[in-house]
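Asker: Required output: the full structure, derived from the provided sequences and hints.
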Amino acid sequence: MVFVFSDNEKIAIEMLAKAVEISRELGSKPSAVVLGRDGQEKARKLVAAGASVVYLAGQDMDEIKAEEGSEILHSICKEVDPPLIMIGSTKTGKEIAPRLASLLDAGLSTDSRKLYVRDGSIVTERIVYSGNGVATERFASKPAIVTVQAKTYDPLPPDDSRGGEIVTKDIAPREYGSKILKVESMVSEGANVEDAQIIVSCGRGFKSSQDLKLIEDLAKSLKGYTLGCSRPIAADLKWLSEDHWIGLSGHKVKPKLYVACGISGQIQHVAGMRDSGIIVAINKDENAPIFKVVDYGIVGDLYTVIPKLVQAINEKA
Amino acid sequence: MNIVVCAKQVVDVGEIKVNPSTGKPVLEGIPKKISDIDKNAAEEAIRIKEKLKGKVTVITVGSEDARERIKEILAMGADDAVLIVPPEGADYHVISNLIAKAIKDMGQVDLVLCGEASIDMFSGQMGPRIAGAMDIPQLSYAFKIDAEAEKITAERNMGDKRVVSESTYPVLLTVTKEINVPRLPSLMQILGSAAKPIKVLKAPDMNVPDLAPKVVLEDVKGLAMNRKNLIFKDDLDQAVKDLAENLSKDGALG
Ligand SMILES: Cc1cc2nc3c(=O)[nH]c(=O)nc-3n(C[C@H](O)[C@H](O)[C@H](O)COP(=O)(O)OP(=O)(O)OC[C@H]3O[C@@H](n4cnc5c(N)ncnc54)[C@H](O)[C@@H]3O)c2cc1C
Ligand SMILES: Nc1ncnc2c1ncn2[C@@H]1O[C@H](COP(=O)(O)O)[C@@H](O)[C@H]1O
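Respectively, the protein sequence lines represent chains A and B.
Residue numbering for the first sequence follows my numbering, starting at -11 and increasing by one per position.
Residue numbering for the second sequence follows my numbering, starting at 10 and increasing by one per position.
None of these hints come from the bench; they were simulated from the model.
One thing to keep in mind: the hints can contain errors.
[Claimed, not checked] To give an idea of the interface, some chain B residues facing chain A are shown, with a C-beta separation under 8 Å as derived from the structure: (1) Gly38; (2) Met130; (3) Ala140; (4) Gly141; (5) Gln147; (6) Ser174; (7) Glu175.
[What the hints assert, rightly or not] Part of the chain B face toward chain A, derived, beta carbon under 10 Å: (8) Asn166; (9) Thr177; (10) Gln198; (11) Met234; (12) Leu245.
Quick reminder that beta carbons are idealized off the backbone N, C-alpha and C, glycines included.
Answerer: Structure below.
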C-alpha cells in the first residue's frame, strides 16, 4: 500500500496520480489517509482521484497537532507496512513528516521533484544548495518517505464511478504537553503567482507600502500581471500577504516574464524564480547579485526608472 | 533553564558556482558559516537565558573545522558547545539520533531550539526528528516566543494560518528568520569565547545503536543559469528605451 497524506486536498489528489503509477511498479496499491473532521466527503474525492483505500482517523480533531498526526500515521503504518509514504509539503505536512520518519526509523526526502524505482529501490531527486544543485537520493529504508510540493504532479481526471474502500480507524493519540490555543486564518489577497504569466515583484528597495503604487503602474502597463515580493515584504513588513512571497521558502514561479524591482537577488529569492522565461531587474546598486541572474537589467533608482519605463512600454504597445 | 541550540556549519550557498566541465557544484574553497536561521535560534536561546537564568549549550554535528564557527555563537553568549563528528555518509536519521543522544547524555534539558531549515539543504527535518527521537512535544515555525518558568508560548507561521501554541517543558521549537535580529558580539566577547569549552565527540563512541543511513546521497548535479545579462545604465532615458525595445523584440509585451 503506497500511502498519501496531505491536509491540503489538492496536493493529496495530485500525489495520488503518482501513487497510482508507482504502486503498479511496486506491486502495491494507492491509498490515502484523511485526518480530521468531514472525512467521509474528502475520502470520496480521494477515491475518485485514484485511491483504492482511504483511512479516516482523528475524526474529532479540529487542528492537526504534529505530535498527534505523526502518532496516528505511525500506528496505521505499523498495520499496513507501506513501502512509500507521500506527504504534502504544507507547513503541517513538513512538521509531521520528519517526526513520523523518526518514529518509523525511516528515511525522508523533502520536496521531492521526481520519484522512481530503480533496481527495487526508491529513488528521488530534490533541489539542494538553494537552487544550485539537484541531488539524487536512494532510500535504504522501508518505508521511504517523501514530501511533495503543490503542482509537482498532474492529477488524474476525477472518476466518481471508481470503487474504493473507506476504512475508519479509531486511534486515540497519547497526551502531550503541548496544546494549540488559537488558530487564525491569514488574510490572503488571492494572488496566484504559481500560474502567473507575468510577475512584477518588489523588495526592500521600496521605502513604504504606499510606494507599491509604482509597481502596480508598471504591472498594469505589462498587462496580465501578478504582484510578487521578496520574503521581507511579506514576512517582516507585511505589506503584501504571503501568497505573493517568492523564493526558497515561498512560492516557486515560472512566468514568461519576471521583473524584480528593488530586490537584491539573494540566492534564496532567486531559488523561487530561476525558471522564469525572461528575468528583468531594476536596482540602484550595480553590484547587486540580482544582475548576475537577469536577461536585462537597469541600474538606477526605481523611483526614477519605473515611471520612465512605464512610459516607454506604453509607447511600444 | 537548560537550553540546547542546534546549529549547523554550512557552505555559503550564495558563493557556489557550477563547474562547466563536470556539471557539478564546486564546494571546495567556498567560505563556511553558521546556517543563517541557527543564529536566530541562538539569539532566542540567549534572550531566554537572560530572562529566566540557566545555561545555553550549542550542539553541532559536522567536521572538526566547525569549531571556529561555533565560537561565533559562544561569543554571542552561549556557555559551551558539543561538536559531534559523524560517520561518513550520515543522513538525517543518523544525525538526529546523534543529537538526541547527546542531549540525553547532558541530563536535564528543558528546551531545544533549531532553525526552521538549514540554508544548504532546506529540509526542515532535523528539529521534528529530534523531538520525535526524544519523544517530547514540538512547536515549529515560531516567529514569536514567550518563555516562562513553567511553560512556553509560541506564535507560529503555518502558512495560511497563524497558530498560537503552548507547551510544558521539555519541548523542542523551530524558529523562523523573522523572530529576532541576532546580536553581533563585541570584541571582548569574541576574545572571551576562546575560553569557553567545546567538547568533541566521535559518533562511534556515543553508543548510538544504528549509525547506518536510511537515505544515500548518490549524486549532486549543478544547475547553472544561463542568461543574456544585458545591463543598461547611466542614461536612464536610453536605458528604459533599450529595455522596452528588447522586451518587445522578445514578444514579452503582449
Ligand atoms: C533559509 C532562508 C530562506 C529564505 N527564503 C526566502 C524566500 O523564499 N524569498 C526571499 O525573497 N527571500 C528569502 N530569504 C531571505 C533572503 O536571503 C534575502 O534576505 C531577501 O530576499 C532580501 O530581500 P530584498 O531583496 O527585498 O531586500 P534587500 O536584500 O535589503 O535588498 C534591497 C535591494 O533594493 C535595492 N534598492 C534600495 N533602494 C533602491 C532604489 N531606490 N531603487 C532601486 N533599488 C533600490 C538595494 O540596492 C538592494 O539590492 C531567505 C533567507 C533564508 C536564510
Ligand atoms: N548537522 C547539524 N548539526 C546541528 N544542527 C543541525 C544540523 N543539521 C540541521 N540542524 C538543525 O536543524 C535545523 C533544520 O535543518 P534542516 O533539517 O537541514 O533544514 C537547522 O536550522 C539546525 O538548527
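Asker: So, for every hint listed, does it hold in this structure?
Answerer: Comparing the hints with the structure gives:
1. Gly38: The hint is violated - Gly38(B) has no Cβ within 8 Å of chain A, the shortest such distance being about 15 Å.
2. Met130: 6 Å, holds
3. Ala140: Status holds, d = 6 Å.
4. Gly141: 3 Å, holds
5. Gln147: With a minimum Cβ separation of about 6 Å from chain A (threshold 8 Å), the hint on Gln147(B) holds.
6. Ser174: 5 Å, holds
7. Glu175: 6 Å, holds
8. Asn166: At 7 Å from the nearest chain A Cβ, Asn166(B) passes the 10 Å test, so the hint holds.
9. Thr177: Holds. Min distance 4 Å.
10. Gln198: 27 Å, violated
11. Met234: It holds, given that the least Cβ distance between Met234(B) and chain A is near 5 Å, below 10 Å.
12. Leu245: 5 Å, holds
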